[in-house]
Amino acid sequence: GAVVSQHPSWVICKSGTSVKIECRSLDFQATTMFWYRQFPKQSLMLMATSNEGSKATYEQGVEKDKFLINHASLTLSTLTVTSAHPEDSSFYICSARPTGTSGPQQYFGPGTRLTVT
Amino acid sequence: GENVEQHPSTLSVQEGDSAVIKCTYSDSASNYFPWYKQELGKRPQLIIDIRSNVGEKKDQRIAVTLNKTAKHFSLHITETQPEDSAVYFCAARLNQGGKLIFGQGTELSVKP
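As they're listed, the protein sequences go chains A and B.
Going by the numbering used here, the first sequence opens with residue 8, and the numbers climb by one from there.
Going by the numbering used here, the second sequence opens with residue 582, and the numbers climb by one from there.
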């Protein structure tokens, strides 16, 4: 149980285009999901907290107009990188926290490797 | 906000030896401290966690200790094996919002 998927697993796009990444909780509902970015040989940096049915909360320094987050259902959150540039190339990972549980654990997706050319 | 510092950044040990990774956190309201193992290109895997009301937790070869007063926690791996080689991250969960703040990571190499 507690499986989180991401789609696509990798994507290559041209500079100036937009890319959408999906994060799905497959066997549980998640009111809250988190989006992280990880550059090579670096740590996971929290970008935003995604809440179902409401606006995402972005971390300081993360441009909300560039990284659009939509959490339209209890099992799906999407991250859209708009007008992507080579410096946006990174590993994007989501995590989901099961709704209705008192435990603190989050379950991570497998990540999406974005390369902007 | 919360800040998590992790040391060392790299650690090389001989197979069978013990490995210790240390983390400190800044926000005394943090109440949950997980450790993750990440292999290249893969998702982080939870290997052990500890809550703020517990001082130590052990699971076979892995143990975590927490010192709330000093605001630091450590991961101990005994009898290391080559398959333990990976990057390990500590994290602290802020009381508010439930978000995790990660340490910088430790690249552990276990030499046969």
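Please note: incorrect hints may appear among the correct ones.
With a straight-line cut-off of 30 angstroms between C-alpha atoms, the simulated DSSO-like cross-links for lysine-lysine are [what the hints assert, rightly or not]: (1) Lys692/B / Lys71/A; (2) Lys618/B / Lys27/A; (3) Lys692/B / Lys639/B; (4) Lys618/B / Lys48/A.
Hints are computed from structural coordinates only; laboratory data are not their basis.
- Message: With the threshold set at 30 angstroms, check whether the alpha-carbon distance from Lys692/B to Lys71/A stays at or below it.
- Response: Distance ~44 angstroms between Lys692/B and Lys71/A Cα, so the pair is violated.
- Please work out if Lys618/B and Lys48/A have their alpha carbons no farther apart than 30 angstroms. With Cα atoms ~14 angstroms apart, Lys618/B and Lys48/A stay inside 30 angstroms; holds.
- Message: For Lys692/B and Lys639/B, compute the direct alpha-carbon distance and say whether it is at most 30 angstroms.
- Response: Given that 30 angstroms is the threshold and the Cα spacing comes to 24 angstroms, the pair holds.
- Query: Is Lys618/B close enough to Lys27/A, meaning Cα to Cα at most 30 angstroms?
  - Reply: Roughly 27 angstroms separates the two Cα atoms, so the pair holds.
Of the numbered hints listed earlier, the single one contradicted by the structure is hint 1.
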